[in-house]
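Peer 1: Given next are the chains, with one letter for each unit.
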Amino acid sequence: MPSSKGKSGISGKLTAIAVVVAAVVAGAVSLFYLDREAPVHAGPPTVKLISQPQYANTIVALFGEDIEVPRQFPPINRTEGLLSLGNANTAITPVLVERFYRYGQSVANQVLAPARRDYFMPCVPADGVVVDAVCAKAFISSIGRHLYRRPLTEAEVTAYVAAADQAAKNLENFYEGLSYVLAAMLAAPEFVFIWDSVEADPEKPGEYRLDAYSKASRLSFFLWNSPPDELLLQAAERGDLHTSEGLNESVERMLGSPKIDLSIRGFFADMLHFDEFENLAKDMVIYPSYGPGVSRDAAEQMLQMITSHLVDRRADYRELFTTRMTYMSNALAAIYRIPINPSREFVPYEFAEDSGRTGLLTQVGFLSMHSHPGRSSPTIRGEGVRETLLCQPVPLPPPNVDFSNFEDPAGDFKTARQRLVRHSSDPACANCHMITDPIGLGLENFDGAGQFRLTENGAVIDASGELDGIAFSDPASLGEAMRDNPATTACLVERLFAYGINRPTEIEDTVVIERLEKQFSYAGYRVPDLMKTIVLDKAFFAVSLEAETAPDEVASVH
Amino acid sequence: MNTCPRVFRKGPPVLVLLAAQSLSFGAWADIAEPVEGRIGLVLGYLNHAIYQTEDGKEECPDGFHFTQNDNFEAQFPTEAERESVLRKYVYYTNRGPNGENVFFHPTVIEDPLPLRDVKGAIGLGINLDGRVDDNDFSSPDGENGIDNELYRVIGCIPGWRNGGTIDGSFRTEVRASHKMRMLIEISDVDDVHNDLDVTVMMYRALDGIEVGPDNNLIPFRSQRIDYREGQRYIHKMRGKLVDGTLYTEPVDITVPVYGPFNILQDFSMRDARFQLKLTGDGAEGYLGGYYDVERWWLNFTKIWGAHFNADVTGWSGPATYSGLKRFADEYPDENGVNTAISGAYRLEFVRSFVVHSEDESDRTKPALMTDRGARNAKQ
Chain L
6 MPSSKGKSGI SGKLTAIAVV VAAVVAGAVS LFYLDREAPV HAGPPTVKLI SQPQYANTIV
66 ALFGEDIEVP RQFPPINRTE GLLSLGNANT AITPVLVERF YRYGQSVANQ VLAPARRDYF
126 MPCVPADGVV VDAVCAKAFI SSIGRHLYRR PLTEAEVTAY VAAADQAAKN LENFYEGLSY
186 VLAAMLAAPE FVFIWDSVEA DPEKPGEYRL DAYSKASRLS FFLWNSPPDE LLLQAAERGD
246 LHTSEGLNES VERMLGSPKI DLSIRGFFAD MLHFDEFENL AKDMVIYPSY GPGVSRDAAE
306 QMLQMITSHL VDRRADYREL FTTRMTYMSN ALAAIYRIPI NPSREFVPYE FAEDSGRTGL
366 LTQVGFLSMH SHPGRSSPTI RGEGVRETLL CQPVPLPPPN VDFSNFEDPA GDFKTARQRL
426 VRHSSDPACA NCHMITDPIG LGLENFDGAG QFRLTENGAV IDASGELDGI AFSDPASLGE
486 AMRDNPATTA CLVERLFAYG INRPTEIEDT VVIERLEKQF SYAGYRVPDL MKTIVLDKAF
546 FAVSLEAETA PDEVASVH
Chain W
8 MNTCPRVFRK GPPVLVLLAA QSLSFGAWAD IAEPVEGRIG LVLGYLNHAI YQTEDGKEEC
68 PDGFHFTQND NFEAQFPTEA ERESVLRKYV YYTNRGPNGE NVFFHPTVIE DPLPLRDVKG
128 AIGLGINLDG RVDDNDFSSP DGENGIDNEL YRVIGCIPGW RNGGTIDGSF RTEVRASHKM
188 RMLIEISDVD DVHNDLDVTV MMYRALDGIE VGPDNNLIPF RSQRIDYREG QRYIHKMRGK
248 LVDGTLYTEP VDITVPVYGP FNILQDFSMR DARFQLKLTG DGAEGYLGGY YDVERWWLNF
308 TKIWGAHFNA DVTGWSGPAT YSGLKRFADE YPDENGVNTA ISGAYRLEFV RSFVVHSEDE
368 SDRTKPALMT DRGARNAKQ
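Chains L and W, in that order, are what the protein sequence lines are. For the numbering used here, add 5 to where a residue sits in the first sequence, where the first one is 1. For the numbering used here, add 7 to where a residue sits in the second sequence, where the first one is 1.
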């Protein structure tokens, strides 16, 4: 028979555990609710150029996947680590206007081609040649609502119908007239810019809020990297997005959509500088396996790996740096030196334990992007880790940097480590290199193409190093150091929040960011949960007008 | 008659090979290590093993071989005679006594202009019989006993030489489709430089290849085996690696060869064996053996057709056929007349992974001609 002492001991332990659990839960709950009541910093309304993926996703959503869209937009300056923020801070030139019109013409011609137009037309014109204003109006109103992400005004519809009528008369073809107008709409500022419209906030006299359609766009481009769908436009129309219940309902629906993948892909492609893959080339004499298509597949591999890890498996973001799971194509398998069934593209693949491959940093994409065309670079790789994954800018090298020690052909340097030690003997260089090189040296088991190696020029590679005080011995333990570094998750939160609100974060955003970091931690570092937290935080839609900006001026968009 | 063991027994001792190869290929390159004891190789280039100098004077001191047209004009020296033949028999290859096509019936006449065969001492290929005979060639590196009598016959015909019509056709066909895509897998490899007991499988590959901007094949891509239509090309051989060079025991094989416009040729080779030097990311060397003269003739006349042979490749049927018979050097018939002629292909491979798919659909699917495909099924 158990003693009463024993019983009370167990009971006491259970009570203690319950108290601790209750305290943790209460703490979390208070954190969640109380912090959310703290004041937020609001930025001005933004006007942001649509990105290529957003343009493409719009066309796919409206007209299907078989419409060809431009694959590359003109380059945009990266701002605070994100092209997306560069899009929100760019000027449009006459050349760019012309280019958007050409894009629009191409799309419009495909959409209204005889083989397709019946599918997209909500009506049949009275005659293919004679102008049919009623039918033109039906098409323009329907398509325009999705292109402009809000209902068209009567004035806009009237103007476009008149233009379609005139063009149809001139071209003696109803559909060509309509195509002319569709191209114009696809080049219009209302489409190529995603802009915020504000209105007086009825709950806070004297303050302003984003109008419902602007909220819908901000939500949709953040969670889907795509324009609002019909249900979201309807929610905006009903005013649901101004209520917490309505907003929650839409957010839950959107997070449950497969289109969340588009957002994850869009964000990480931006954060990890995937635009640089466009110009990435390797010396094929040195790396004959790095053939055409490898860069493209390397980017796709990382995107599929990230999406699968974060969305499909809902795994911890930090484990992205230690997982051996990835996706494999035939072109990449040649670099990884593994067999793969070539009849299938991008199959899930788990690296062997002794492969030396663990996590994002050991993917060919990361390794080859942060290398020279013909050799690896611990400095560039370290810089890549610092700037893209830890949000820690690395100073530019001085203009008078002396590479003579480093490049000395007479120097008996077999490994990059030996060369860098010599280079870093110059105090002017050492300060910056100590920020980057100890990280990059941990990836020296991979050459400039990302191929695994144990030796360099016959010398065994020492892949040890340290990251912010944490020593590591090889690429795997570097991945663990990344996983455990608080800057890894803090960087993601800051970048993702900035990506969502379309502006760089400022010192006044610190409270919000710290709150998001805590909630990210509380949610087990699951990125979809972080995205939900961000969009439900009042900071996400917060907007303020500069004193000199007349509200009517901004709101007059509508 | 199973002659494989006989010929292999006649091969040179390993020590001789070791010495010869050390001379031939010099120091080891950094040969990529096998993966799980396997080395895959996919064909990037194939042509007859032709040793040639720039102007051809070393190997063809009498000049290049006379063409079909040269022989036509020699056979019918006047314009009137030629017009008469053409009027009666339509085409200038139909110059037999009864208008026979001389590519299809090469013995109905003797060409007035004899074959100009190779006179040089240097040739490419393999010492097939282990002997050094008077008619053997020496390799450019000094190895004696090279058996390549086919080269003696065709080496002075411009259309057969490197850069000629046949070479160009093979270059195209090897890359254009999987049909000539020979696939080799060396397994049980313990040491990539020296291993006296390895297994070598020959297949035809199923998948597309990728060529880099430097016009070379991308190494280390994976290839499936063509089980569906390529069964006849599957051959198993014992082999050995000596100083980084693969030598296989002789076996009778079918070599996947296709002519222009993807016309099936399928060369049979007796006592065929590989001699391939492994390089950093590939291999190069020879596939040597004996061709049945009649079968070889059939492949290049009836399959390629008289027009292609006469006008495009530019060789003459009767003189070449008689050359093949004259220089045939193995497999005597009951009358002691040799029926097979030694020859060799020069081959270049890049490293590949041979995928042994257990998926039944992979064994029955049509061949994949390119590497393009849907990139992201999710979008």
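For the record, the hints were derived by calculation from the structure and aren't laboratory data. Do not take every clue at face value.
[Claimed, not checked] So, partial list: chain W residues that the calculated Cβ filter (under 8 Å) puts toward chain L:
hint, residue
1, ASP198
2, VAL199
3, ASP214
4, GLU217
5, ASN222
6, PRO226
7, LYS284
8, ASP288
9, VAL362
[To be verified] The calculated label-pair distances, taken between Cβ atoms and stated as ranges, are:
hint, chain 1, residue 1, chain 2, residue 2, range
10, L, GLY379, W, ARG245, 38 to 46 Å
11, W, THR60, L, GLU355, 38 to 46 Å
12, L, ASN284, W, ARG245, 43 to 51 Å
13, W, THR179, L, PRO404, 47 to 55 Å
14, W, ASP69, L, ASN284, 55 to 63 Å
15, W, THR179, L, PRO398, 52 to 60 Å
16, L, VAL352, W, ASN142, 39 to 47 Å
17, W, GLY70, L, GLU281, 53 to 61 Å
18, W, ILE241, L, GLY529, 27 to 35 Å
Cβ atoms here follow ideal geometry from the backbone N, Cα and C, with glycine treated the same way.
Peer 1: Honestly, which of those hints from before does the structure not fit?
Peer 2: 1, 2, 5, 7, 11, 16, 18
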